[in-house]
Every structure is written in C-alpha cells, then in structure tokens.
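These protein sequences, in sequence, are chains A and B.
Each residue of the first sequence is one higher than the last, beginning at 133 in the numbering used here.
Each residue of the second sequence is one higher than the last, beginning at 849 in the numbering used here.
Since the hints were made in silico from the structure, they are not lab data.
There could be a bad hint or two in this list.
Unchecked claim - Listed below are the simulated DSS-like cross-link pairs for lysine-lysine, each with C-alpha atoms no more than 27 Å apart in a straight line: (1) K938(B) x K356(A); (2) K375(A) x K356(A); (3) K948(B) x K375(A); (4) K857(B) x K948(B); (5) K852(B) x K948(B); (6) K356(A) x K948(B); (7) K857(B) x K938(B); (8) K1051(B) x K948(B); (9) K948(B) x K938(B); (10) K309(A) x K319(A); (11) K938(B) x K375(A).
Keep in mind that this is a model prediction, so the values were computed, not measured.
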Amino acid sequence: MTEYLIRRLLLIVPVLLLISLLAFIVMEAPPGDFVTSYMMRQAEAGALFDGAGVEEGLRAMWGLDKPWYVRYLRWLGNLLRGDLGYSLFWQAPVGEIIASRFILSMTVALAATVLVWVIAFPIGIYSATRQYSLSDNAVTFVGFLGLSIPNFLLALIMMYLANRFLNISIGGLFSQKYVTAEWSWGKLLDFLGHLWVPIIVIGVAGTAGLIRILRANLLDEISKSYVEMARAKGLRETVLIMKYPVRIAINPFISSIGWVLPGMISGDVIVSVVLGLPTAGPLFLQALRQQDMMLAGAYIMLISICTVVGILLSDILLAVVDPRIRYH
Amino acid sequence: MDGKLLEVKDLSISFPTEAGVIRAVNEVSFEVPRRTTVGVVGESGCGKSVTARALLNIVQPPGRIDGGEVLFHGDDGAGEPVDLLSMAPKGAAIRHFRGKRIAMIFQDPMTCLSPVHTVGNQIAESIRIHDRDVSAGEARDRAVALLTEVGIPNPAGRLDSYSFELSGGMRQRALMAVALAAEPELLIADEPTTAIDVTIQAKFLDLIGRLQDERHMSILFITHDLGVIAEISRVVVVMYLGRVVEVGRVEEIYERPLHPYTQLLFRSIPNEHVPRKTPLAQIKGVVPDPFSRPPGCPFSDRCPSFVQGTCDAAVPPLYEVEEQHHARCFLYDEVDA
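Please put together the full structure from these sequences, using the hints given.
In structure tokens, the structure reads:
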C-alpha cells in the first residue's frame, strides 16, 4: 500500500507537467495574442494609435515577443515557485484576482455536491428497492426532467419566478452593500441567503443523474445471491439493504468523488454567468476572450491540480473500502 | 422415521409477467421428517428453487405465493404447528425462523458471500442476529469453532479472509458455517454441489452427512443430480413443471420408479446394468415453455404411456401406489381405488 501510494504521488508530477504544456498549447492556438485583442478594444473605444510601433512596444514590454517555448518555460518556472503570473487585462497578479473567486467556486460546488448526495442517496435507494412501483416511476420521471433541463435555463426560470412572485432579485452571491465589504457575520449570513439558488440550479441535474446511477447499481446488486443469503439469515430488510447491496453499489461514487468537485467548478461557468456569480468561471471565460493567457492558464492549472489530487484521493478511499481493489 | 418437522401443503406460486402469468409451482405438498434428508429432484425450471424460497417466505417480486401452507412443527412436535406463510414476509415473526430454525444455502458459493465483508463478519452476524447477548469476541470464538467444524484449515486465520481469497470448496464450507451458525433445525440446500467440481462435491456430501449426524438436523436437498440424491437422501420428491410427480423412499424410487417421467430419468443414466454400446434412453421432446403447457397431465406431451382422452383431460391426483410411495399418473388409478 505504501509503495503504491508513493508511486501514485510521483506520477502526479509528469501528469501535471503534461497538462501545463497542453494548456499552454491550447491557449496559444487561437490567432493573435493579448496585444491584438487589446488594440482591438482600444480601437473600439475610439483611441487611435500609430499602428505597428505601439504593438511591438507592448509586446516587448510584456515579453510576448519571445518564442513560445521561452514563454512557456518562464510561465512554468513561475508556477513551480507558486507564482501564477500577472494578468495583463487586470494589471494585477493572477493569484490576487483568482484566489477569492476560486474559493467561492469551491464553496458553491462543495455545497452543491453535498446537497446532491444527501438528496440522491435516500431517493436512489428508495427507488431501487421499489422497482417499477408508482413512487419509483414518479422519481424516474422527475429525474429525467431534471437531467434534460439545461442548467442555465433552470437558472433563468428561477430568476424569473423569484422576481415575479417573491419580488426579489436572486442573482449574485452577495447583496449590494456586502459586495466589497470585508467578511463579517452579516456578510456570511447574506452569502448563505444567496447560496441556495446556484446550489439548487447546479445540483438538480447532478441529483437526477446520481439517482439514476445509484438505482441501476443497486438493482444489479439486490438480485445477487448474497442479498438473498442475508435475507435467509433473518436479517431485517432495511439493515441488510444498507449493509450489503448499498455498501457495494456506492463504490462507483467513491471512485468519482475526486472529479465530481472539479467537474462542478468548471461545469457551472454558464450558470455563473447567467446568475452573475462572482466565481472563477466567468473570469475564465473573460480571460479566454481577451487572450489574457496567464489568468486562463492559472484557472486550467488549478482545476487540473484539483482533479489529479481528487482522483488520487478517490483511488485511496476506494482501496480502503473495497478489499477486492486492495488485493489486486 | 421420527415425527415431521416441516409440512408443505398445496403450495402454489406464480410469476405475473407481461406475457402472462407463469404458474411456477402448483399445489406442491410434501413433508420433511425430523433428522432426515429429503431430496427434491427435477430439471431446471421445474419450480424446485422457488419452492425452497417459499419455505422461508423469501420469494421475491414479481413472484407471488398464491396459496398453501408451510407448517413448522417446532418444540419436538409438541404444541400447534405454525404456518410460516401466514406471517408478514418482512415482519419480525418470520425473521425469528429464518436462519435460527430454518437455514438456507444457495447454489453459487462465490456470489452467496459478500465480496466486501470478511467470512468472520458474516458468521458472527448469523450468530448475533438471533442472540443479541453474544459479545463480539464470543461470536468470533464461535465462528472459529464453526469453521473448524466444517473442516476449514487454519480457521482462526480464515476469519479475516474475504470470499474471493478462498477456493470453491472452501467457500462452500464457509457458507455452510454461516448457515449453521444459529443452529437451525432444518437446512435447505439449493443445488449446493452444482457449482463445485466432482471430487470436492464428494467431500462436501460427506461433510453434510457428518454435520447432520452431529447436529440432528433435517435437510432439504435440492438438486438436478440423481446420483447426489441417491447418496444423501432418505426420501425423494420428484418435480416436473411445478408439480410433485412422485414421492417415496429413496430405495423404492430407485428400484421401482412409478411415474413414466421418473422411469425415463433413471434409464437415461448410464450404469453397470446397461450393456455397452446400447443407446441410453431419452425423453422425447423438450420441457414445454411456460405458456404452452399441455392440458391435463404436465408430462402428457412427452409421455410414452400417453392415453388420449384421459391424460390430456385432467391433472392426475397423487396416487398412493405403495405404502409411502406416491405417483401422479393415471396408470395407477385402479391400484389406488
């Protein structure tokens, strides 16, 4: 086990290096660079520059005139020292800009994940133990509905309904007076008051999906002989369902814990834009459009690190709970 | 034979499907005497396994018990027998019987043991479900004793093993230990030897015989293997298409099978009386599918002694042809009368 752990930890290094290279290539792929899009914005704003000379000057100032591998290595070197770089658009260190937003993203995603699990587990188990009953069919119907409604549409619907019937605006994560305020009890309560909307929007599809998967896994397990054996032993039905088939049916979820969280962070970009959330997603989208490469790269690297570490944690957890994995 | 321990009366089970209702078990009756092994034999789909499950009231949906009684004569026959089918399938009353008084082992020892719980955990659970006063340590000691009793080497070490770490024969023995943990009076074994190979099978049958002698329990042994039945049981119940077609003591059934189906079954097994190179007997046709069963006697469409107008008109009753030897065939109509 220890040897396995060390091997897995060492493997993270080349994986992250490869991801950083890929991320860099992807960001370089679109034609033009930050200067091109910067000049375009300036032109739109009405500012007139004397063409080539200014562009070249800017490029030289920001180091964009160097060949790609020099820029990549410089970026990588900074990353290794914990420096995420400098955002050309915001004219501020990337770390400063992204930190608070990334933490908000994590909070929203984590809360949504917890909600999804808390709701989906009992319903999935209930549904599987009463296959094809009226309640099972009802849950299935609602589940498909939840799966097929796009998140952003749900966000729009909720905003409309809240505005129309509750006469409140539910966008954002803070009320006006707290947006720039320091953290305080008031701000925390305000934050919690806003948090439920994105959590529900993001959580609906996840809940529906999880119910379907849990139900299918559990149905597979419930028909196995060891369940019948446990029943023949005289075990109480609820106890035996929880101890045997549920215990085995949740293994796929344990193996997915690792990438559920980063998946939710990167998956809610559109929802965040629609709801006007001050999370990392909209910032990333903006950075891509402005070719603000350091900022976009930092976002991709943060998500990747979360994913790689998350998957490692999942694998360790799975080995802990499933002896069959441990012995391979 | 001692008094009866379990009595099955007119048990009927059906499975409603979209294509129609499958009548898997029809008015099945038999008895299991105390300290005796009863063998139930029949081909796949004859209803023997679902009958076994009905005895514990664990037939799973869509399966439905339509009628009949399963009477358990506890306390050495003193007092009134209790009908296990009258109890709620998920209630506390029936759970007191499951495992404690009637235990069951199933066909595939690989899938009968949980892959993520240790053998010791599953044995200790059997003990502690029915006796909450037993401490965890005590249950562990008893589990070691049980593993020793079923002939598993290094029992203390095996407690913490998972099922996939055991060989097929060892798994079947471990399963036996799980079933016997609460000291049942009746053990139902549903095809326990089907999934293990022949040499291990013989050892396992020896083990069952020994355990029965030591524990004075009754066994209901379900199999499609006539050889195994001959070796282990004293009474044989032959089933065909959800009905009992013949019941009798093992010597009588093997020496003088009465029902044409049983007769053909025995003639299809090679033995020293059949000269070499003579073809073995076959039963013509195949088992009919559940929706096109013949009218009247279920065996009528394959029977060499078929009599038109009689066999396809009604289901024959179970005639007592000799003492304690019954057959469901109109051939014995006069004998019984």
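Cross-check of the supplied hints:
1. Between K938(B) and K356(A) the alpha-carbon distance is near 18 Å, which keeps this suggested pair within the 27 Å criterion.
2. The hinted pair formed by K375(A) and K356(A) meets the criterion: a straight-line CA distance of about 14 Å does not exceed 27 Å.
3. Between K948(B) and K375(A) the alpha-carbon distance is near 20 Å, which keeps this suggested pair within the 27 Å criterion.
4. For the given pair, K857(B) sits about 22 Å from K948(B) by alpha-carbon distance, which is consistent with the 27 Å threshold.
5. Under the criterion of a C-alpha separation no larger than 27 Å, the hint pairing K852(B) with K948(B) is consistent with the structure, at around 18 Å.
6. At roughly 22 Å between alpha-carbon atoms, K356(A) and K948(B) fall within 27 Å of each other, so this suggested pair holds.
7. Of the pairs offered as hints, the one joining K857(B) and K938(B) holds, with about 22 Å between alpha carbons and a cut-off of 27 Å not exceeded.
8. For a cut-off of 27 Å, the pair hint linking K1051(B) to K948(B) stands: about 26 Å separates their Cα positions.
9. A hinted pair counts as satisfied when its Cα atoms are at most 27 Å apart, and K948(B) with K938(B) qualifies at roughly 16 Å.
10. The suggested pairing of K309(A) with K319(A) holds, with an alpha-carbon distance near 9 Å, which does not exceed 27 Å.
11. Distance check on the hinted pair: K938(B) and K375(A) sit about 16 Å apart at the alpha-carbon level, within 27 Å; holds.
Going through the hint list in order, the structure satisfies each hint without exception.
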